[in-house]
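There are 2 protein chains.
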Amino acid sequence: MTNSPTASMTETRYHVVGIGNAIVDVLAHADDQFINETGLTKGTMSLIDEETAESVYTKMGPGIECSGGSAANTIAGLASLGADGAFIGKVKDDQLGGVFRHDITSMGIAYNTAPDTDGASTARCMIHVTPDAQRTMQTYLGACVNLGPDDIDEHMISISQVTYLEGYLWDPEQAKKAFVKAAKAATDAGRLVSLSLSDPFCVDRHRDDFLNLVEGHVDVLFANEEEIMSLYQTESFDDALQAARAHCSIAALTRSEKGSVVLSGDEVHIVDAEPIDVVADTTGAGDAYAAGFLYGLTTGESLDTCARIGSICASEVISHVGARPDVSFKDLVRKKLG
Amino acid sequence: MTNSPTASMTETRYHVVGIGNAIVDVLAHADDQFINETGLTKGTMSLIDEETAESVYTKMGPGIECSGGSAANTIAGLASLGADGAFIGKVKDDQLGGVFRHDITSMGIAYNTAPDTDGASTARCMIHVTPDAQRTMQTYLGACVNLGPDDIDEHMISISQVTYLEGYLWDPEQAKKAFVKAAKAATDAGRLVSLSLSDPFCVDRHRDDFLNLVEGHVDVLFANEEEIMSLYQTESFDDALQAARAHCSIAALTRSEKGSVVLSGDEVHIVDAEPIDVVADTTGAGDAYAAGFLYGLTTGESLDTCARIGSICASEVISHVGARPDVSFKDLVRKKLG
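Here the protein sequences line up with chains F and G, keeping their order. Number 338 marks the last residue of the first sequence (my numbering); no jumps. Number 1338 marks the last residue of the second sequence (my numbering); no jumps.
Hints are computed from structural coordinates only; laboratory data are not their basis. One thing to keep in mind: the hints can contain errors.
For each label pair, taking beta carbons as the anchor points, the in silico distance ranges come out as [as the list claims (entries may be wrong)]:
hint	chain 1	residue 1	chain 2	residue 2	range
1	G	ASP1304	F	GLN33	34 to 40 Å
2	G	LYS1042	F	THR299	36 to 42 Å
3	G	LYS1330	F	VAL279	45 to 51 Å
4	F	THR58	G	GLU1054	48 to 54 Å
5	G	GLU1173	F	SER319	44 to 50 Å
6	G	ARG1334	F	PHE237	39 to 45 Å
7	F	GLN33	G	ARG1334	17 to 23 Å
Which bits of chain G does chain F cover? Going by a derived footprint, with three or more residues having C-beta under 8 Å, they are [stated by the list, open to error]:
hint	segment
8	1087-1098
9	1329-1338
As the structure is a prediction and not an experimental result, all values here were calculated from the model. Ideal Cβ positions, reconstructed from N, Cα and C, are used throughout, including at glycine.
Hey, can you work out the whole structure from these sequences and the hints?
Put into structure tokens, the structure is as follows:
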């Protein structure tokens, strides 16, 4: 943070640098039967290989393509709020890689990660949106598996108030090393490290590592109800909350229509979800919440206001298909907060 | 039509076969200043080369990609209505070509046109959606210029009640020959030929050819107000209407929020537009209207009902970003017509 003695010695250029899987989403409507027959668990993300990706795509209805990726969505949200953002993540130099690069740079986000010139194609996430507006995701990581420590720009991290990392990075082996290098660089520069737990199954795959990270290396933790309960293997949200409270500097825990809970030392805030008419597609809700929260945090807002901004941003992306803002978050927040 | 003596001798497999440019749309929000500074005329389509396409794309904001193309949109609309459709159009076997093929075949539409394996990439249409919901298009035709007479499957045409051709086909040189071959095959098989005039500038580029087509070869003409006035070079819609009445077997003339006018011999119908709350993006309105109209026509509905179905379909696609149906046209029409 700019008020830390170390950070004050360094120029601050970015509010947040995000590091994550660089993915193009393919979104299509699906019914519950499709989810069941494909053996998927609604609301979660599973990893698939290229062959399965092709086969799943064949079975999907007509879709729309747009840039996605959890941390990338959050940085896009920050840009829409008027913040300065940067992103690190790996694409191939193919058509979808070009789409990802275009979308992120056209929002004014710094994005310098060198693309792969051969090997696996740009990552795709098949998103099945059911009539209840839930999204169930199948991700082919493609070029993302080639993100490694060499892609981490330590200078970029040192000039960013927050380094934001998605838990999904723990899936590709090299990205895990990149994650650790980035977190260390941020801490060494006196900056904040923020982690999103991403998905309950992802937490399940990497629980010990995540517990270790949250205990000693993460300043701001984002998780939803299922993820925090999975992390601490509790039966109730309240039990998970007590555990998080003991271990995290700041934890922002989201609960869909029940709103969010923010914990920091003695502070506890319970903030309502922003009401909306119709929920169309929940893809990107958590990413947008994190964008709003981090915007508040890096512009000096109180924690309850951070949560409120997060809720407003989340309400926008769930009102339409696709994970990124369809209107300016900045205008929306100005209108809602007054 | 199935009631013509020639056609009754042939099996009927498809309600409509569409022939058109096979295009992936890139849609992004833009302001009026962008339209002016780029020297574009709002509401129209202009052709661009690949270099310009790259340069325009760089200047556009973050976008969504989805399958488009005028005739392809119409066939997608027919499929959404439950009709049997087929499509002929050229892509390259690249990523966007794969997207186009997936989207059209996943709707149950027959699509057998061989893709190009080298040369220009799959066509893209950059669509700038302004706050007034108007769309202004810039098209890089890419692989579409390689659609030629050899791609016309005369058997497919002979087993389709209607062969639907977009005026835009008159832009690539080889496609023009494909168009003529297809129209002849349809007429020879005792089937109907339908033409959409596509765009007032497109009419301007090819007026003499279009006048000749409408006079002698087209059974069902679709045009909006600007296009029909451009075709007959009239100052008023009423003058254009009188000219169309003298030359077309069936003409369906669309007038945005003023509804549509259908002419056929002594018959004249003036049908209101379907009211909707908010117009988000007019991309594909005419294509969806043609889908609804042709669905009515090929299932034995009266001309006024054809127009009504067209209006209902158009109202759906203008209520969201993108040219293709977001919900089932069939369900929507059933609900609205009762």
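These are the hints, each one checked on the structure:
1. ASP1304(G) / GLN33(F): 34 to 40 Å: About 38 Å separates the Cβ atoms of ASP1304(G) and GLN33(F), which means 34 to 40 Å holds.
2. LYS1042(G) / THR299(F): 36 to 42 Å: Holds: the Cβ-Cβ distance is about 37 Å, inside 36 to 42 Å.
3. LYS1330(G) / VAL279(F): 45 to 51 Å: This hint is violated: roughly 24 Å between Cβ atoms.
4. THR58(F) / GLU1054(G): 48 to 54 Å: 30 Å, violated
5. GLU1173(G) / SER319(F): 44 to 50 Å: 45 Å, holds
6. ARG1334(G) / PHE237(F): 39 to 45 Å: 43 Å, holds
7. GLN33(F) / ARG1334(G): 17 to 23 Å: Between GLN33(F) and ARG1334(G), where Cβ atoms are some 21 Å apart, the hint holds.
8. 1087-1098: Holds: 3 residues of the segment 1087-1098 of chain G have a Cβ under 8 Å from chain F.
9. 1329-1338: With 0 residues in contact (Cβ-Cβ under 8 Å with chain F), the coverage given for the segment 1329-1338 of chain G is violated.
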